[in-house]
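When you get a sec, could you build the whole thing from the sequences and use the hints?
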Amino acid sequence: CNWPESFKRRMLEAKETDTVMMLRRLKNTSRVFRNKVAAEVEAIESAKGESMVFEDVRHLVNGKRGRQAEKDNDPDGGIWSAGQAVGLIHSIPTVKEVIDDMMAEAEETIRSRLVSLVCEPECKVSGQAKAAGMHSRL
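Counting from 1, one number per residue, gives the positions in the sequence shown under full-length UniProt numbering.
For the record, the hints were derived by calculation from the structure and aren't laboratory data. Be aware that one or more of the hints could be misleading.
Quick list of in silico lysine-lysine cross-link-like pairs, DSBU-like style, CA-CA up to 30 Å [unchecked claim]:
id, residue 1, residue 2
1, Lys8, Lys48
2, Lys71, Lys36
3, Lys48, Lys27
4, Lys27, Lys15
5, Lys36, Lys8
6, Lys48, Lys36
7, Lys8, Lys96
8, Lys71, Lys96
Keep in mind that this is a model prediction, so the values were computed, not measured.
Okay, structure coming up:
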């Protein structure tokens, strides 16, 4: 993943409360990671109230700052989308690790719950699925 390490680290440290909804008054609500730029937008929204227009926050949310923040490896330099699920992220596995984990979980599910898919009828009756070679068929 080409995303800067500092952004990844912030996500790993985050709780589900580390996101904020912004731009509600403009009927363009977005959930973003809570950082300095998001706090600036919140302050403008609060100060302007119903009179807020997009031009008040354009310089903060138009994407230029976010792209520059990524180039500068600065997670506080711009807004970036993040949902509450950010609080559930505790590691950043490689694609290989994800696939290996999925395969191991699938194999365990088959062994423990779906014996009939990989085992002859006689091994189900005797309860000897592994002895009947079920494992070797996975």
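Review point. When the hints from earlier in the document are held up against this structure, which numbers fail?
Key: 1
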